[in-house]
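Protein chains in written order, with our numbering: chain A, 105 to 342; chain B, 58 to 151.
Rather than coming from a laboratory, the hints here were simulated on the basis of the structure.
For every residue, glycine included, the Cβ atom is placed at its ideal position computed from N, Cα and C.
One thing to keep in mind: the hints can contain errors.
[Stated by the list, open to error] From the derived model, a few chain B residues whose C-beta atoms are all more than 12 Å from chain A: (1) 124; (2) 127; (3) 128; (4) 130; (5) 135.
[To be verified] Derived EDC-like pairs (lysine to aspartate or glutamate); straight-line CA-CA distance at most 20 Å: (6) 234/A <-> 247/A; (7) 80/B <-> 320/A; (8) 80/B <-> 313/A; (9) 114/B <-> 252/A; (10) 309/A <-> 148/B; (11) 225/A <-> 252/A; (12) 111/B <-> 119/A; (13) 110/B <-> 313/A; (14) 136/A <-> 125/A; (15) 95/B <-> 320/A; (16) 110/B <-> 320/A; (17) 309/A <-> 147/B; (18) 228/A <-> 186/A; (19) 111/B <-> 313/A; (20) 80/B <-> 322/A; (21) 309/A <-> 258/A; (22) 136/A <-> 183/A; (23) 192/A <-> 252/A; (24) 111/B <-> 322/A; (25) 228/A <-> 183/A; (26) 139/A <-> 126/A; (27) 144/A <-> 183/A; (28) 139/A <-> 166/A; (29) 114/B <-> 320/A; (30) 144/A <-> 119/A; (31) 192/A <-> 126/A; (32) 95/B <-> 322/A; (33) 114/B <-> 135/A; (34) 192/A <-> 125/A; (35) 309/A <-> 118/B; (36) 309/A <-> 149/B; (37) 192/A <-> 135/A.
[To be verified] These stretches of chain B come out as covered by chain A in the derived footprint (C-beta under 8 Å, 3 or more residues): (38) 101-108; (39) 111-121; (40) 138-145.
Letter by letter, the chains look like this.
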Amino acid sequence: MKDTSFSIYNHVATEPLLSREEEVTLSKRIEKGDKSARDKMIKANLRLALSVVKKYTNRGVDTDDLVQESIIGLTRAVDQFDYSKGFKFSTYAYWWIQQAIRQCIASNTGPIALPANTFSKLYKISKYEKNHNQEFGRPPTDEEVAREFGTTPDTLRSLRQSAARPRSFDTPMYSDDSGSRTLKDVLPSNAESVEEMIDNMRLSKTIQEALATLTDRERTIIAMRFGLDNLEKTDDNA
Amino acid sequence: MTMPKGKKFDNGYCSITSIPSAKNYRQISAICTDNGLKIGPSNVRNVLLSAMKKIAKPLCEANAVSLNDEQLMEIAKNPHFQLSVASLIDEEKG
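So that you can see chain A by itself, here it is in the shape it has in the complex (with noise of 0.2 Å):
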């Protein structure tokens, strides 16, 4: 695990796996309201809402956070497995810390809060996206994938503009950047550079000296001919 965040998790979930026979066990005396067979449920299985953490990470939700809601989807899991079907509580357990991850991703990405089910979708696309570009060996076009989810090529694109997420300026530009170089460091700047302003400068104060040497009618003119009310002013302070 490179993420030193979750090499601390690591240290917390230490509990040791559970075979099929004690989950059961456990959950039988869940049910009658064992707290203490609850926690060590999940305990037990925490690690395996880190690694469902893992595969969400970098979309724009703080690990932590999603660290947070996968122990709420585990608990819930916790709370509603039944052993009785047979299954494993791995199994189960799964689709609830997903849920939930994926329920924080879809309210906390970007400046739009996202109903689960359109974050579901764009999940769904860029899935698609990605298979489309391994087959075919180019990204679908916006036609194809509406075609696929049924949907329109502007409805796509608005979607994914409402799920489109801020970038910090301050972000590292590499994940694995320790440090110096950030996204502001690589932005090009719209600012004029110092070449630009000197230029201006001394355009400006070449225009200044010429409008100085213009008589009263030629700048009467000039300012009639562009709509410049305001020459006369500035001729007298040149």
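Once you've looked at the hints, dock chain B against the given chain A.
The following block gives chain B in isolation, referenced to the frame of chain A:
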């Protein structure tokens, strides 16, 4: 009276319709005449071109380009040049 294509440019006319308070040579001539300065539309154009030439000359010199009178007049007549100068003056003072 419509002008043949290209002739307006050659004679120092440029479109000023994009500038709300700008006036054509005829309007300028009328205003000047009303104010006691008798000047015809063609003369207005000549004065404007002469002023533009006076502005073009130091601009060319500043860029180390030396041009003769004819070449300077070409620049002075250029509508893009005229509008750029007007916009620069406007920015300066605005």
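Each hint, compared with the structure:
1. Separation of residue 124/B from chain A is adequate, the least Cβ-Cβ distance of about 15 Å exceeding the 12 Å criterion.
2. Residue placement check: residue 127/B keeps its beta carbon more than 12 Å from all beta carbons of chain A (closest about 19 Å).
3. At roughly 17 Å, the least C-beta separation between residue 128/B and chain A is larger than 12 Å, which holds for a residue marked as non-interface.
4. Every CB of chain A is more than 12 Å from the CB of residue 130/B (nearest about 15 Å), matching its label as outside the interface.
5. Separation of residue 135/B from chain A is adequate, the least Cβ-Cβ distance of about 14 Å exceeding the 12 Å criterion.
6. Taking the CA atoms of residue 234/A and residue 247/A, the gap is about 16 Å. The hint holds against a cut of 20 Å.
7. Distance hint between residue 80/B and residue 320/A is fulfilled; the C-alpha atoms sit about 18 Å from each other, no more than 20 Å.
8. Of the supplied pair hints, the one linking residue 80/B and residue 313/A is violated, its CA atoms being roughly 25 Å apart against a limit of 20 Å.
9. Restraint check for residue 114/B and residue 252/A: not satisfied, since their Cα atoms lie roughly 64 Å apart, outside the 20 Å limit.
10. Simply put, residue 309/A and residue 148/B have alpha-carbon atoms about 13 Å apart, close enough for the 20 Å limit, and the pair holds.
11. Straight-line distance between C-alpha atoms of residue 225/A and residue 252/A comes to about 12 Å, which keeps the hinted pair within the 20 Å bound.
12. Proposed proximity of residue 111/B and residue 119/A is contradicted: the alpha carbons are some 88 Å apart, above 20 Å.
13. Of the supplied pair hints, the one linking residue 110/B and residue 313/A holds, its CA atoms being roughly 13 Å apart against a limit of 20 Å.
14. Distance check on the hinted pair: residue 136/A and residue 125/A sit about 17 Å apart at the alpha-carbon level, within 20 Å; holds.
15. For the suggested pair residue 95/B and residue 320/A, the alpha carbons sit about 15 Å apart, so the restraint of at most 20 Å is met.
16. Under the criterion of a C-alpha separation no larger than 20 Å, the hint pairing residue 110/B with residue 320/A is consistent with the structure, at around 16 Å.
17. Proximity of residue 309/A to residue 147/B is assessed by CA-CA distance (about 14 Å); at most 20 Å being required, the pair is judged to hold.
18. For the suggested pair residue 228/A and residue 186/A, the alpha carbons sit about 29 Å apart, so the restraint of at most 20 Å is broken.
19. Distance check on the hinted pair: residue 111/B and residue 313/A sit about 10 Å apart at the alpha-carbon level, within 20 Å; holds.
20. Distance check on the hinted pair: residue 80/B and residue 322/A sit about 14 Å apart at the alpha-carbon level, within 20 Å; holds.
21. Between the alpha carbons of residue 309/A and residue 258/A the distance comes to roughly 50 Å, so the proposed pair goes past 20 Å and is violated.
22. Taken as a hint, the residue 136/A and residue 183/A pair is honoured in the structure, with Cα atoms around 11 Å apart against an allowance of 20 Å.
23. At most 20 Å may separate the alpha-carbon atoms for a hinted pair to count; residue 192/A and residue 252/A exceed this at roughly 35 Å.
24. Using a Cα cut-off of 20 Å, the hinted pair residue 111/B and residue 322/A holds, with the two alpha carbons roughly 10 Å apart.
25. With a C-alpha separation of about 29 Å, the suggested pairing of residue 228/A with residue 183/A is violated against the 20 Å cut-off.
26. Restraint check for residue 139/A and residue 126/A: satisfied, since their Cα atoms lie roughly 16 Å apart, inside the 20 Å limit.
27. For the given pair, residue 144/A sits about 13 Å from residue 183/A by alpha-carbon distance, which is consistent with the 20 Å threshold.
28. Of the pairs offered as hints, the one joining residue 139/A and residue 166/A is violated, with about 30 Å between alpha carbons and a cut-off of 20 Å exceeded.
29. Simply put, residue 114/B and residue 320/A have alpha-carbon atoms about 19 Å apart, close enough for the 20 Å limit, and the pair holds.
30. Of the supplied pair hints, the one linking residue 144/A and residue 119/A holds, its CA atoms being roughly 8 Å apart against a limit of 20 Å.
31. About 11 Å separates the Cα atoms of residue 192/A and residue 126/A, which keeps this hinted pair within 20 Å; it holds.
32. For the hint linking residue 95/B to residue 322/A, the alpha-carbon distance of about 14 Å falls within 20 Å, and the restraint holds.
33. Taken as a hint, the residue 114/B and residue 135/A pair is broken in the structure, with Cα atoms around 95 Å apart against an allowance of 20 Å.
34. For the suggested pair residue 192/A and residue 125/A, the alpha carbons sit about 10 Å apart, so the restraint of at most 20 Å is met.
35. Proposed proximity of residue 309/A and residue 118/B is supported: the alpha carbons are some 13 Å apart, at most 20 Å.
36. Simply put, residue 309/A and residue 149/B have alpha-carbon atoms about 10 Å apart, close enough for the 20 Å limit, and the pair holds.
37. For the hint linking residue 192/A to residue 135/A, the alpha-carbon distance of about 16 Å falls within 20 Å, and the restraint holds.
38. Coverage of the segment 101-108 of chain B by chain A holds [criterion: at least 3 residues with CB-CB distance below 8 Å; count 5].
39. Check on the segment 111-121 of chain B: 6 of its residues sit with their Cβ under 8 Å from a Cβ of chain A, so the three-residue criterion for coverage holds.
40. For the segment 138-145 of chain B, the stated coverage by chain A holds: 5 residues have a C-beta nearer than 8 Å to a C-beta of that chain, and at least 3 were required.
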